[in-house]
Amino acid sequence: MGWLVWGLGLALAFGLPGATWRASAPPVFPWHTVGPTLLAITSMALGAPLLAWIGGPPLTRQRPLALLEAPPDLLWAALVLALWPAAWGPPELSGWLVAFLAASLPGEVRWLAQAMPTEYPFPLAWGASAVKRVRRLVLMRLWGRWLAARLPIWLTATLVLERVLGVPGLGTDWMTRVSVRDRAGLTLWVLGLALLWTLSQVLDRDLA
Amino acid sequence: MRHLLLALSLIFASAQLTIPLSAQVVEESFNRDPGPLDFIQGDSYEQWILQSLAGDALVGLSPSGKVVPRLATTWKLQKDGKLLFTLRSDARYTDGSTVSAEDVLWTLQEILRDPKASPTKRAILQGADIGLDQGRPWIHSPKPLGRLLMELARVPIAQRNHPERGSGPFAYRKDPGAWVFTRRDHFLKPRIDGIRFRLLPDAASVMTALQKGWLTIGAPATRRQTALPLTHRLITQPMHAQLVVWSQLGVGPLQLLESWRKDAFPAQLLAMNATPSRGLWPETLGFEVQEIESGFALPRSPGTLRLLYPAGDESIEKLLLALRERARRDGFDLQLTPMEEGLLMGQLQKGDFQLASSMVVFDPHPWSVLEYMEPKGPMNFIGWKHPKLAEITSRLLQPGDAAWRDLQTLWARGPAALPILDFQSVIWVDKRLQVEPSPMGLYLHTPGAAGWRWNQ
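These protein sequences, in sequence, are chains A and B. For the first sequence, our numbering begins at 1 and goes up steadily by one. For the second sequence, our numbering begins at 1 and goes up steadily by one.
These aren't lab readings, by the way, just hints derived from the structure by calculation. The reader is advised that the hints may include incorrect statements.
In silico SDA-like pairs for lysine to any residue, Cα to Cα no more than 20 angstroms straight-line [said to hold, decoys possible]: (1) B:212 / A:22; (2) B:174 / A:35; (3) B:174 / A:29; (4) B:376 / A:72; (5) B:350 / A:17; (6) B:262 / B:211.
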């Protein structure tokens, strides 16, 4: 089923309808943003499970977390931009990283907390160490699947942050390829995401 | 307390320090990625800016639109129809080598040979022969001299076998997240140290960057009525840009639009960026105001018209909503359908529309309107043709010739498209920077950015 969806994605990228007024060369792939993006995603991939491990399923009922989760990426980016001191110059990758973590961490923590099984009566009755151990095992089991589900979104949804903060990255890259109708480049993008998904499936199977 | 006072004094003192103007780089922004600098294949508005800074064409256009020398110091039309150029001897590429006639020959031949070459440049050189005569390049083109020269200003010369290397007043460097130009030793004698472009596609972010002093030049968001910062001044310049509507339903809907555009748009919506178009072709290109003279009566109401328009521009969307309300007063239902720009262009090229609109930026010479009319013209979406066209175009030798009036009259009898809005560029420029506005913008004329300077 998953491959069918990715296959449809590939077909859509390869046969993207439309044309451009003046033929534009596709952008150069922003290799310089791969490192910071990996840093951001690694921070996310470790930070969210860590917070979910500390907070556990009760986090789903935390009102402050819901409040932090509610604002869209646009608002976080605009907030960073507005609060960034003028004397520091435009927010570069550091500003983007702050906005990215602020925008994505609350939602991901809730996503993980929601997926964890209830802890009452067990393992709560067995004590705190049992609770922590169960949470760790659950999160390890969830980690691969969660990553597979969220990675394409993280890689592409950064577009909003990049647009507002003026930091061209991976989101801007695929969006520019859509606008200049770079079908080959888009196909490579979808293929790359599909391969990441496959890798996560393999990891998931190995963990099981 | 003493430490606090000391710290405050230091902060105050550092705020008083001024950066030497000679070291200042102009901070600018692109709203779209221009792609890699390529003098053969590159073809977009942003790419034209890169090329105008990093390259030199044989001739340039002055801010008033006159042909002026650039790489070529002189040119002469010979008896056999060849246009012979004499190149200047002090033009050099970034690697130090002199610009030669062989480079001119290679660039022009490569544009004609490479299937991926810029369609705009290829159209300029269509049907042309190119060669060398005693070390000087010549071009023999079926186009009239006036048109050819004005169009050649759009073709910067690249070094042979290096489509990314030009001889322009600024050296180009692509930094992570920025496009950087630094001053070179050049015959135009640029006086600013450099220009740095960042990608800022969001209009509100451009506004914030302007207000925080991160941009020297920028276009303020049209929907916000924000006061001009003390550090900047406002510059408005008419552009060769219009919002044009094409009709597949004949001239009737265009006649209706012609009457609606006069009073459809409230002044508050138009602001400083747009004015209702008058006539059929841009007045900025020197055309007189001409109304449609089809001889047909206006279509009768009630009626329904479906107009496709490019999605994503809030100000245009609001203006089109005003147009819809104006149509409703006359008993017409103008159905507005937003469409992604690429999809809209696909529909236009297939001719699959009733009415479709798009923003058009005309080349800075009157021949650019022929794109509406010529058989394979890039704006001839409905297959417009007329038996007299070839005869009239053969008489268009110079801007202002009487044949232009004949051409416009011919078009007025059955136009395929009608402009409804003329745009002008509204920008904020740092008060310390002297620039020269023109209908081509700040960059695309000669000297362009090479003529900018910081106030002392």
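#### Entry: Violated hints - listed by number, lowest first
1, 4 and 6
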